[in-house]
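Colleague: Chain by chain, the residues run as shown.
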Amino acid sequence: METLQLFKILPEKIYFQNIPYLPGFRKMVGWNLDFSTLTRNIHDSLFSFFSPGLASAAEMVIIGLCFLTFFALLGLILVYAERKVCAFFQLRLGPMRVGFWGTAQTFADFIKLLLKEPLTTKNADKFLFNLAPFIVIVASFMAVAAIPFAKGLHAVDLDIGIFFITAVSSIGVVSILLAGWSSNNKYSLIGAIRSGAQILSYEISAGLALLTIIILTGSLQLSEIIESQRTGWWIFKGHIPAIIAFVIYMIAGTAETNRGPFDIAEAESELTAGFHTEYSGIKFAFFFLAEFVNMFIVSAIAATVFFGGWMPFHIGNFTFFNHLMDFIPSVVWFFGKVSLIVFLMMWFRWTFPRLRIDQLLTLEWKYLMPISLVNFLFMAFISLEGWYF
Amino acid sequence: MVMSSENLVIYFISGIVLVGAGILVSHFFAPSSENLQKSETFECGIPTRGTSWFQFKVGYYLFAILFLIFEVEVVFLFPWAVVMKESGTSAFIEIFIFLFILGGGLLYAWKKNALRWE
Numbered sequence: 001m002e003t004l005q006l007f008k009i010l011p012e013k014i015y016f017q018n019i020p021y022l023p024g025f026r027k028m029v030g031w032n033l034d035f036s037t038l039t040r041n042i043h044d045s046l047f048s049f050f051s052p053g054l055a056s057a058a059e060m061v062i063i064g065l066c067f068l069t070f071f072a073l074l075g076l077i078l079v080y081a082e083r084k085v086c087a088f089f090q091l092r093l094g095p096m097r098v099g100f101w102g103t104a105q106t107f108a109d110f111i112k113l114l115l116k117e118p119l120t121t122k123n124a125d126k127f128l129f130n131l132a133p134f135i136v137i138v139a140s141f142m143a144v145a146a147i148p149f150a151k152g153l154h155a156v157d158l159d160i161g162i163f164f165i166t167a168v169s170s171i172g173v174v175s176i177l178l179a180g181w182s183s184n185n186k187y188s189l190i191g192a193i194r195s196g197a198q199i200l201s202y203e204i205s206a207g208l209a210l211l212t213i214i215i216l217t218g219s220l221q222l223s224e225i226i227e228s229q230r231t232g233w234w235i236f237k238g239h240i241p242a243i244i245a246f247v248i249y250m251i252a253g254t255a256e257t258n259r260g261p262f263d264i265a266e267a268e269s270e271l272t273a274g275f276h277t278e279y280s281g282i283k284f285a286f287f288f289l290a291e292f293v294n295m296f297i298v299s300a301i302a303a304t305v306f307f308g309g310w311m312p313f314h315i316g317n318f319t320f321f322n323h324l325m326d327f328i329p330s331v332v333w334f335f336g337k338v339s340l341i342v343f344l345m346m347w348f349r350w351t352f353p354r355l356r357i358d359q360l361l362t363l364e365w366k367y368l369m370p371i372s373l374v375n376f377l378f379m380a381f382i383s384l385e386g387w388y389f
Numbered sequence: 001m002v003m004s005s006e007n008l009v010i011y012f013i014s015g016i017v018l019v020g021a022g023i024l025v026s027h028f029f030a031p032s033s034e035n036l037q038k039s040e041t042f043e044c045g046i047p048t049r050g051t052s053w054f055q056f057k058v059g060y061y062l063f064a065i066l067f068l069i070f071e072v073e074v075v076f077l078f079p080w081a082v083v084m085k086e087s088g089t090s091a092f093i094e095i096f097i098f099l100f101i102l103g104g105g106l107l108y109a110w111k112k113n114a115l116r117w118e
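Chains B and R are the protein sequences, given in the same order.
Residue numbering for the first sequence is 1 to 389, as defined by the numbering used here.
Residue numbering for the second sequence is 1 to 118, as defined by the numbering used here.
Be careful, since some hints might not be right.
What the hints assert, rightly or not - In silico lysine-lysine, DSS-like type, Cα no more than 25 angstroms apart, as pairs: (1) B:126 - B:116; (2) R:57 - B:366; (3) R:38 - B:112; (4) R:85 - B:237.
If you are wondering where the hints come from, they were derived from the structure by calculation, not from laboratory data.
Treat the numbers as computed from the prediction; the structure is a model and nothing was measured.
Turn these sequences into a full structure, and let the hints guide you.
Modeller: Right, dumping it as structure tokens:
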């Protein structure tokens, strides 16, 4: 009792009012936390220097360039992380030669891929063959655009945010089917059709798992979903059905990105490289990049919906604890959560053996989907009775 | 810089620019040579027989049809989930009936061995 009261009194009375320098420090941290100040400053200065038309054009170019840089960096870092994690799981060191601890290895690989000849086989459907990399990149690019990275760092805050991301990211399957079909190669075709069946199937449970949380938030807008987790993350507030939904979402998400135990679409041992067998050079690099960025997107959605996105870890009315957590910048929270989930997906990949196509479809249609349907109804009942926090 | 949804076009264009620039740079810097065997379809060292544009195992299409039904169901559930809290009991009963019918469909497909891979 005593300690609880102390916790309630501490923040307001002692920590933030009686110590003179703390309000200023808080303001400084607050400025660091909130990216909307920074972006508004850039916006205002651009509009004061140039005419409105030119300023908005410059703004668009800046946003485009920022996202291109972010996208490329994300790909490089994730590929490096994947190779290192894989290496440590197999008691190796991984890339070590290029740069400190091999940090420049992926960059060197990228340069190498850029300087390789992009081949097109003579039997391929040339137009569709070249169209496929465009679709796969554009799909993941538009999904990244709608993700909130930090407080005020949210490029497009759509009111149907989560629906938009699921819709756009599943366009990627079209490019996989196109790539496999247009290559006119048996391996590619088998890989593409397998991948199509797999992604389509797991789309349903992923959608249902996200829907269980949307019942509680009552909104599809990502900023509102995050705001609703100010008093605690949904995985804690929604208890049992939320945890089941998270597990189902992680399995379905791993399958949707063609990774881990579900990578029969590009099973090296039987299909050489699956749907991108015939791709080489930079076009192959784009498929590779999109695969890793899709992994990031799945993790970012999981972090946003279940773990509160950039929202720090808050416990109900523990004001002191909540203020303490607020000192950690929101970017750190978001990328910390995302990298933990990405690590989880890499862990899956290097731990579980690959599933066969029949096991894969059985897992989805006979286990995951009925479970997620029942879980969905369970969550609806819980929200009806108000049995969540 | 929270923007309105029309500005999604920027991301569409940026994606195209990224791929286009990559292919263009590669076009200028990468070597290219003609070779009789180079443009052959890959098949583990032996020449490939015939085209790959043929009919494929029907099992995959069966799952695609099933997917269509259940994915449309999920799309219907999205607006429902948003208003669930406000509507209360009536919404819950309605969705129970809706899912009951769909569950019956899944059970039918299961019993008809549509979910079995052969």
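Colleague: Now, for every hint given, state plainly whether the structure supports it.
Modeller: Comparing the hints with the structure gives:
1. B:126 - B:116: holds, 19 angstroms
2. R:57 - B:366: Holds, because 21 angstroms separates the two Cα atoms, which is no more than 25 angstroms.
3. R:38 - B:112: With Cα atoms ~20 angstroms apart, residue 38 of chain R and residue 112 of chain B stay inside 25 angstroms; holds.
4. R:85 - B:237: Within the cut-off at roughly 16 angstroms; holds.
Of the numbered hints given earlier, the model fails none.
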